[in-house]
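Colleague: Chains as they are written, first to last, in my numbering: chain A, 1 to 136; chain B, 1 to 310; chain C, 1 to 400; chain D, 1 to 158; chain E, 1 to 158.
Don't take each hint at face value.
[Unchecked claim] DSSO-like mimics (lysine-lysine), calculated; alpha carbons at most 27 Å apart, straight line:
1. C/Lys152 with E/Lys62
2. C/Lys46 with E/Lys62
3. C/Lys335 with C/Lys197
4. B/Lys40 with A/Lys9
5. B/Lys40 with C/Lys176
6. E/Lys62 with D/Lys129
If you're looking for bench data, these hints aren't it; they were derived computationally from the structure. Computed from a predicted structure; not experimentally measured.
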Amino acid sequence: MGIKTFCFKKSLWLFHFGGASCNNCDIEILDCLTPRYDVERFGMKLVGSIRHADVLLVNGSINRRDKERLLEIYHQAPKPILVVAIGTCGCTGGIFAEGNTFAGPVDKIIPVDAYIPGCPPKPEAIIAGIVKLLNK
Amino acid sequence: MIFSTIIYFLIFPGLLFASIAGGFLSWFDRKVTAMVQFRKGPPVLQPFYDFLKLLLVKETILPAKGSPVVFMLMPILALVGATLACVFILLPALNITSGFNGDILVIFYLLNIPALAFILGALASGNPLASIGASRELKLIISYELTFLLILAAVIFKAGMRINLQEIIMAQADTSFIGSISGILLFIAAIFCLQAKLGYVPFDIAEAETEINHGSFIEYSGSAYALVILTKYILLFTLPVFIGTLLLGGLSFTGINIVYSLLKILAIVLLLILIRNTNPRLKIHQAMRFFFVWMNLLVIIAITLSIFGR
Amino acid sequence: MTKTIIPIGPYHPLQEEPELFKLYCKGEIVKDVQWVTGYNHRGIEKLSESKTFEQVFFLVERICGICSTSHPFAFANCMEEIARVEIPDRAKYIRSIIGELERIHSHLLWVGLAGHFLGYNNVFMWAWKYREPVLELFEMITGNRNSYAMFKIGGVRRDIENHKIPTIRKVLDTVKEKTDLLTGAVMDDPVIHARTKGVGILTKEDIIAYGALGPTARASGVAIDVRKDDPYAAYASVHWKVITAQEGDVFAKAEVRLLEMYESISIISQCLDGLQQIKEGQVDVKVKEIPEGIGTGHAEAPRGEVFHFVKTDGSNYPVRHKIRAPSYMNIATFKKACVGQTISDATIALAAVDPCYCCTERMAYAYDYASREKILDGNELVKMGQRKTEKLRRQIKRNR
Amino acid sequence: MHKRVLIDMVKLRELESCKMEAIDRHVLHSKSFKTIRELATFYFTCRRCEEAPCISVCPADALEKDENGMISRALNLCIRCKSCISICPFGTIMNDLFATKTNGYHYFDLTDDTELIQFANAFDDDIVKIVEFDEKPEEHIYRLTDRVLIRDVYWEVR
Amino acid sequence: MNATNIINRIRDTLRDYILEVDIMSTKRATIHINPAALIATARFLLSELKFRFIIASALQSKKGFEILYHFSYDPLGLIINIHLLLSTDNPEVESLCPLLTGANWIEREIHELFGINFLNHPNLEKLISEGNWAEGVYPYRRTEGGEIDQKKSEGNRG
Ligand code: SF4
Ligand code: SF4
Ligand code: SF4
Ligand code: SF4
Ligand code: SF4
Ligand code: SF4
Ligand code: SF4
Numbered sequence: 001m002g003i004k005t006f007c008f009k010k011s012l013w014l015f016h017f018g019g020a021s022c023n024n025c026d027i028e029i030l031d032c033l034t035p036r037y038d039v040e041r042f043g044m045k046l047v048g049s050i051r052h053a054d055v056l057l058v059n060g061s062i063n064r065r066d067k068e069r070l071l072e073i074y075h076q077a078p079k080p081i082l083v084v085a086i087g088t089c090g091c092t093g094g095i096f097a098e099g100n101t102f103a104g105p106v107d108k109i110i111p112v113d114a115y116i117p118g119c120p121p122k123p124e125a126i127i128a129g130i131v132k133l134l135n136k
Numbered sequence: 001m002i003f004s005t006i007i008y009f010l011i012f013p014g015l016l017f018a019s020i021a022g023g024f025l026s027w028f029d030r031k032v033t034a035m036v037q038f039r040k041g042p043p044v045l046q047p048f049y050d051f052l053k054l055l056l057v058k059e060t061i062l063p064a065k066g067s068p069v070v071f072m073l074m075p076i077l078a079l080v081g082a083t084l085a086c087v088f089i090l091l092p093a094l095n096i097t098s099g100f101n102g103d104i105l106v107i108f109y110l111l112n113i114p115a116l117a118f119i120l121g122a123l124a125s126g127n128p129l130a131s132i133g134a135s136r137e138l139k140l141i142i143s144y145e146l147t148f149l150l151i152l153a154a155v156i157f158k159a160g161m162r163i164n165l166q167e168i169i170m171a172q173a174d175t176s177f178i179g180s181i182s183g184i185l186l187f188i189a190a191i192f193c194l195q196a197k198l199g200y201v202p203f204d205i206a207e208a209e210t211e212i213n214h215g216s217f218i219e220y221s222g223s224a225y226a227l228v229i230l231t232k233y234i235l236l237f238t239l240p241v242f243i244g245t246l247l248l249g250g251l252s253f254t255g256i257n258i259v260y261s262l263l264k265i266l267a268i269v270l271l272l273i274l275i276r277n278t279n280p281r282l283k284i285h286q287a288m289r290f291f292f293v294w295m296n297l298l299v300i301i302a303i304t305l306s307i308f309g310r
Numbered sequence: 001m002t003k004t005i006i007p008i009g010p011y012h013p014l015q016e017e018p019e020l021f022k023l024y025c026k027g028e029i030v031k032d033v034q035w036v037t038g039y040n041h042r043g044i045e046k047l048s049e050s051k052t053f054e055q056v057f058f059l060v061e062r063i064c065g066i067c068s069t070s071h072p073f074a075f076a077n078c079m080e081e082i083a084r085v086e087i088p089d090r091a092k093y094i095r096s097i098i099g100e101l102e103r104i105h106s107h108l109l110w111v112g113l114a115g116h117f118l119g120y121n122n123v124f125m126w127a128w129k130y131r132e133p134v135l136e137l138f139e140m141i142t143g144n145r146n147s148y149a150m151f152k153i154g155g156v157r158r159d160i161e162n163h164k165i166p167t168i169r170k171v172l173d174t175v176k177e178k179t180d181l182l183t184g185a186v187m188d189d190p191v192i193h194a195r196t197k198g199v200g201i202l203t204k205e206d207i208i209a210y211g212a213l214g215p216t217a218r219a220s221g222v223a224i225d226v227r228k229d230d231p232y233a234a235y236a237s238v239h240w241k242v243i244t245a246q247e248g249d250v251f252a253k254a255e256v257r258l259l260e261m262y263e264s265i266s267i268i269s270q271c272l273d274g275l276q277q278i279k280e281g282q283v284d285v286k287v288k289e290i291p292e293g294i295g296t297g298h299a300e301a302p303r304g305e306v307f308h309f310v311k312t313d314g315s316n317y318p319v320r321h322k323i324r325a326p327s328y329m330n331i332a333t334f335k336k337a338c339v340g341q342t343i344s345d346a347t348i349a350l351a352a353v354d355p356c357y358c359c360t361e362r363m364a365y366a367y368d369y370a371s372r373e374k375i376l377d378g379n380e381l382v383k384m385g386q387r388k389t390e391k392l393r394r395q396i397k398r399n400r
Numbered sequence: 001m002h003k004r005v006l007i008d009m010v011k012l013r014e015l016e017s018c019k020m021e022a023i024d025r026h027v028l029h030s031k032s033f034k035t036i037r038e039l040a041t042f043y044f045t046c047r048r049c050e051e052a053p054c055i056s057v058c059p060a061d062a063l064e065k066d067e068n069g070m071i072s073r074a075l076n077l078c079i080r081c082k083s084c085i086s087i088c089p090f091g092t093i094m095n096d097l098f099a100t101k102t103n104g105y106h107y108f109d110l111t112d113d114t115e116l117i118q119f120a121n122a123f124d125d126d127i128v129k130i131v132e133f134d135e136k137p138e139e140h141i142y143r144l145t146d147r148v149l150i151r152d153v154y155w156e157v158r
Numbered sequence: 001m002n003a004t005n006i007i008n009r010i011r012d013t014l015r016d017y018i019l020e021v022d023i024m025s026t027k028r029a030t031i032h033i034n035p036a037a038l039i040a041t042a043r044f045l046l047s048e049l050k051f052r053f054i055i056a057s058a059l060q061s062k063k064g065f066e067i068l069y070h071f072s073y074d075p076l077g078l079i080i081n082i083h084l085l086l087s088t089d090n091p092e093v094e095s096l097c098p099l100l101t102g103a104n105w106i107e108r109e110i111h112e113l114f115g116i117n118f119l120n121h122p123n124l125e126k127l128i129s130e131g132n133w134a135e136g137v138y139p140y141r142r143t144e145g146g147e148i149d150q151k152k153s154e155g156n157r158g
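Only chain A is shown next, with the shape it has when bound in the complex:
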């Protein structure tokens, strides 16, 4: 493992994009920051500017109105950027996939590197998912 990959793995800055979700995923992502899970231990932190992001966490089903915003954000991100679809909604559209405003699961809009299913995935699962993505 080169120094590059090593450092990359050790220092992941996350950017969170919430689509039309039910909020549970959003809350569980936020929960990862709080004392019980504290992802800062692994050098991960949430950043507020997509320019600083290494990982784009997308949760929620994406409706037509969100789709453009998601595309825009993805194009603004500096590469390499990893995209993680969080929650059943992010992976497949979940229970909202048949809705009349649904614009396709995340991977139909931007390439996705990892899927973390669950409705909502537990914070442990989110952390584990990102760690697995790194060891890919």
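Please arrange chains B, C, D and E with the ligands on chain A, whose structure you already have, making use of the hints.
Modeller: Just chains B, C, D and E with the ligands, lined up with the frame of chain A:
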């Protein structure tokens, strides 16, 4: 001669040493913050991972609007300024060379370079949010620099009108300046100046959030941003050392004094962190009034006191 | 009207979801409020018409993660009204327990967010830390931390076995302790008093005109609470009182929420007593057919009344399913609470409503009243709010 | 003599896709609505097994037998797993029984004269037509409800 | 005052407008009124009887557009649905906004989803649809004869 200058600049006590020391201090900062919030906090090497990742792995996106050349040059300028300041402070402080007359003023100017460079960089990025950040930063500089200058003047006065860092240190050989009432007042003012210079709460006005580097740096990515955070590490190390030198009797790297010196720096940094963690952010005009009125007053009182030898 | 939508939402919870609130301001003073929703529109009412009644439970649970039991609760009440079934006592107690646990975790979440808005980031971390044991209880009882899938027509899906009761009580005790701590911190802090008292006042008349609900209404002296007015589940058989306050300001809302947590804890422990006296096992009745008809069901969610209307035609799909979440009514009061306030107070006035996310808004912008141009984004609003706290804090120190 | 609708179940089943469904509520003491298909199937095709395998296989307890041996399916309980389809030795239950469409808007209440006519008009005459006679077992026309006649192959010769 | 009293009072006062009163249980009732009398009814409920407006639900059935205004009398937990039927071709009704600020959003939403016009509404701007579906499309409307939900009829889940 040239060779040793390069060593001084690049390795010790310059770029390499200062960034490593600053990196550790940055980790210290995050760790203490985490502990206040019942969290565990990042590993020791985290600041270095962050830096290397940004430098080596990430793509640097040039702004579509604005001026890419200025945008890219400014982080370099900031880094050079910070490093030079660091070298000029540390050489006399560590008793390597004796410095030169008036170096304290040069240092003052050098310490201003990073902030100014960031402002220019932000303006060059063409992002509206970044320019809001830049204009705030500018206002902030105007407010705290006067205080900082007054502090320097007070120290020079206390040291018997000497404007050489080495001599200021020597003047404190028996008791540090902080041992007097005026010294304490100066120290308080200096800590707030540092807080502002480092962009820490309550003066992180130019960056929108504690955790987020928004504002001025919103458009920086990849290696350009790596330089920005490196500059911040160096400043995080340099500024406390500078205050330590001016008011706490300098540093020494011989024998047991190493421990004392380290403790001094850590204590200053700890103070900064605690202030940062227990205060919400100020509004820009509040910050300006804070420095213009209260801090300047404080320093002037200190000067007056020191005239009477207190 | 120009509007700039900045695509990057800050990650703080209030701005988590991509709805848009526009504040039109003149100088520091908010003149008008406009909202743009639809970023979160998922067409749930329409989707519901293509799901069988049992499936609808999972759908309404996913309207929002924070209220994830309130919606099934209201829907179950509604369907049981249509089918005219009476559920077993054990199921009633279990339903109430789940509902109240949810109220506790939701109020804790709110305290954390409000703390954040006032610039007490540590309060945010602490409140969320104390929320964890409640989520763990959920995991023990239902198997999931959120979205519990507990309800069905005619009862609940899982029993709470009697041997789990002592554990639940123990967790409740710790939660109570932590609530004391938080309540103390909020109620005694002079800065919080100064920052929230007299801010975002809603009068009784406003509440009635807007049809506001839940803690928002109760803080203005309107004692509406579905649990008392139209008791469902086990609420008729336990003792508790509706918490109200008269002032209608942000502080009153905080007070109501904090005190409600104690009521919830007491309701849960009474329900646990009730459970202990009933034999384990019977937690549902078989409902074979849903007759043709219309039904209305409501339940008291942490934020107010959740209302469901269902029209059935005798098949196993709803013909029309209308869902009304409390925020739908409460958010509109934001206009009343904000207009005339300074921008820095606007955020906390908004947060006080607890604008639950999925039904309503997420991002706040301030616009200049005259030119309608954007001058501030959500981030800066939060910041301004925090600065004001600091100012007050200093003032108070000075006055001592 | 009032109008009745005569449905040829054999031909109706052959239709590729059938846009209209006939329903009748309030038959068999059921409060919910049943499609004519389902009623006719259980009425005429089902062999009324004594130890009905469909009932025992149903994981949701949705199938029930009444005192006449008629099977009925509880709409709200059935999860459409279709186990009953595969277990039924006579192929009584088929996929088409479960094709409930979204809601009552597409359904015709066959107790109402106007809807009766609308329903009949939606199909070819040889499949559904309006008649004014009563059941004729000799022509394999049996009465399902007061307004609905079914032409089907009745397994049980009465 | 109990629920029966209240319903009787409503029945007496609004005698001319009421088409039918349907008492579903001790705490639920539906009152069918003439659309023209909506304002009078709402005013009576809100200001005389101090009811609380919960929400309005619109739906489309074979008869036309139906709107149910749900009102609650909290001291008794009584919910009264005021039902009115609008024609399919030109659905319009008076807005409740002048009486009740809280009705603003829901009327906008109904306008957006069903295309029902609310007369005298201060601002019938779009609430949720921008970008999600096209202008002039009313996603909750059903077409004449009943459109078939494609996904539903294809899948075998019924
Ligand atoms: S995956 Fe589940 S929890 Fe996550 S947003 Fe979707 S419905 Fe909510
Ligand atoms: S079991 Fe879960 S995933 Fe499956 S349909 Fe139900 S809610 Fe969805
Ligand atoms: S009312 Fe709020 S918490 Fe409840 S479902 Fe709606 S958005 Fe979620
Ligand atoms: S399809 Fe329905 S009736 Fe048949 S076995 Fe499955 S659940 Fe039972
Ligand atoms: S698939 Fe259906 S029938 Fe099979 S075990 Fe699961 S629920 Fe039962
Ligand atoms: S044959 Fe196939 S469809 Fe039928 S029960 Fe078995 S698995 Fe299910
Ligand atoms: S197995 Fe088939 S024939 Fe036997 S009772 Fe069931 S449906 Fe009728």
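Colleague: Would you mind marking each hint as holding or not holding in the structure?
Modeller: Status of each hint after checking the structure:
no.: 1; hint: C/Lys152 with E/Lys62; in the structure: violated, 30 Å
no.: 2; hint: C/Lys46 with E/Lys62; in the structure: holds, 18 Å
no.: 3; hint: C/Lys335 with C/Lys197; in the structure: holds, 18 Å
no.: 4; hint: B/Lys40 with A/Lys9; in the structure: holds, 19 Å
no.: 5; hint: B/Lys40 with C/Lys176; in the structure: holds, 25 Å
no.: 6; hint: E/Lys62 with D/Lys129; in the structure: holds, 23 Å
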